[in-house]
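S.K.: Starting from the given sequences, assemble the full structure and let the hints guide the process.
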Amino acid sequence: NAGVMQNPRHLVRRRGQEARLRCSPVKGHSHVYWYRQLPEEGLKFMVYLQKENIIDESGMPKERFSAEFPKEGPSILRIQQVVRGDSAAYFCASSKDRKDTEAFFGQGTRLTVV
Amino acid sequence: DQQVKQNSPSLSVQEGRISILNCDYTNSMFDYFLWYKKYPAEGPTFLISISSIKDKNEDGRFTVFLNKSAKHLSLHIVPSQPGDSAVYFCAKFGNEKLTFGTGTRLTIIP
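In order, the protein sequence lines correspond to chains X and S. With this note's numbering, the residue at position 67 of the first sequence is 67, and numbering never jumps. With this note's numbering, the residue at position 61 of the second sequence is 61, and numbering never jumps.
The reader is advised that the hints may include incorrect statements.
[What the hints assert, rightly or not] Going by beta-carbon spacing under 7 Å, a handful of chain S positions derived as facing chain X:
| hint | residue |
| --- | --- |
| 1 | PHE93 |
| 2 | GLY94 |
| 3 | GLY101 |
| 4 | GLY103 |
| 5 | THR107 |
[Said to hold, decoys possible] Computed cross-link-like contacts, EDC-like style, restricted to lysine to aspartate or glutamate with a CA-CA straight-line distance of at most 16 Å:
| hint | chain 1 | residue 1 | chain 2 | residue 2 |
| --- | --- | --- | --- | --- |
| 6 | X | LYS62 | X | ASP86 |
| 7 | S | LYS68 | S | ASP24 |
| 8 | X | LYS96 | S | GLU96 |
| 9 | X | LYS27 | X | GLU72 |
| 10 | S | LYS5 | X | GLU41 |
| 11 | X | LYS44 | X | GLU57 |
| 12 | X | LYS44 | S | GLU96 |
| 13 | S | LYS5 | X | GLU40 |
| 14 | X | LYS51 | X | GLU40 |
| 15 | X | LYS51 | X | GLU72 |
| 16 | X | LYS71 | X | ASP86 |
| 17 | S | LYS68 | S | ASP55 |
Don't read these hints as lab results, they were simulated from the structure. Glycine is no exception: its CB is placed at the ideal position from the N, C-alpha and C atoms.
M.R.: Here it is, written out as structure tokens:
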């Protein structure tokens, strides 16, 4: 009974490269959320997706960031042309229902841009 | 605009005593408040929640109190144990997403 799986756990990218972060939700969960934690800050909401749909992307930076949750396969958070300020821990959470308050979090991907 | 505020970045409590973590909020529109616990290099794990229509919820050693007039909630842990040492986040669930505070690092002193 696997929980939310995120990979990779650690990702190092040079400035200008692309970063792809993957999230496999709990089996049976069709709602995925991405959060970002910058150093010394709380978790900030980025995007909420259902299968093949973006429900709320109000927390996503307007440029370079995109997210998808295809019918088959994991949810992907993609950051193009990374900059040093993108260095953070990125957490994915999943829930069964859009009204489900208890979202289960993955262990996160720590992105370091050098 | 920080809707959920945890003004104490850290707290140290003697083992066996009560730990009280506080959280203030500005926007009264919410369905639930939740507390999450986070260990280093791990994701947050759900601890306890309280709905907007209640003022108290208890689960074992953990009790959450909600004061809507003061827009304040608190998490009480009693008795505190060494394994409770972690970062605690309060989070508001509204508009189908969680809005987190900045966290309080709790250290339990043996």
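S.K.: Does each hint fit the structure? Answer for all of them.
M.R.: Right, here's what the structure says about each hint:
no., hint, verdict
1, PHE93, "holds, 5 Å"
2, GLY94, "violated, 10 Å"
3, GLY101, "holds, 5 Å"
4, GLY103, "holds, 5 Å"
5, THR107, "violated, 17 Å"
6, X/LYS62 to X/ASP86, "holds, 13 Å"
7, S/LYS68 to S/ASP24, "holds, 10 Å"
8, X/LYS96 to S/GLU96, "holds, 12 Å"
9, X/LYS27 to X/GLU72, "holds, 12 Å"
10, S/LYS5 to X/GLU41, "holds, 11 Å"
11, X/LYS44 to X/GLU57, "holds, 12 Å"
12, X/LYS44 to S/GLU96, "holds, 14 Å"
13, S/LYS5 to X/GLU40, "holds, 14 Å"
14, X/LYS51 to X/GLU40, "violated, 32 Å"
15, X/LYS51 to X/GLU72, "holds, 8 Å"
16, X/LYS71 to X/ASP86, "violated, 28 Å"
17, S/LYS68 to S/ASP55, "holds, 8 Å"
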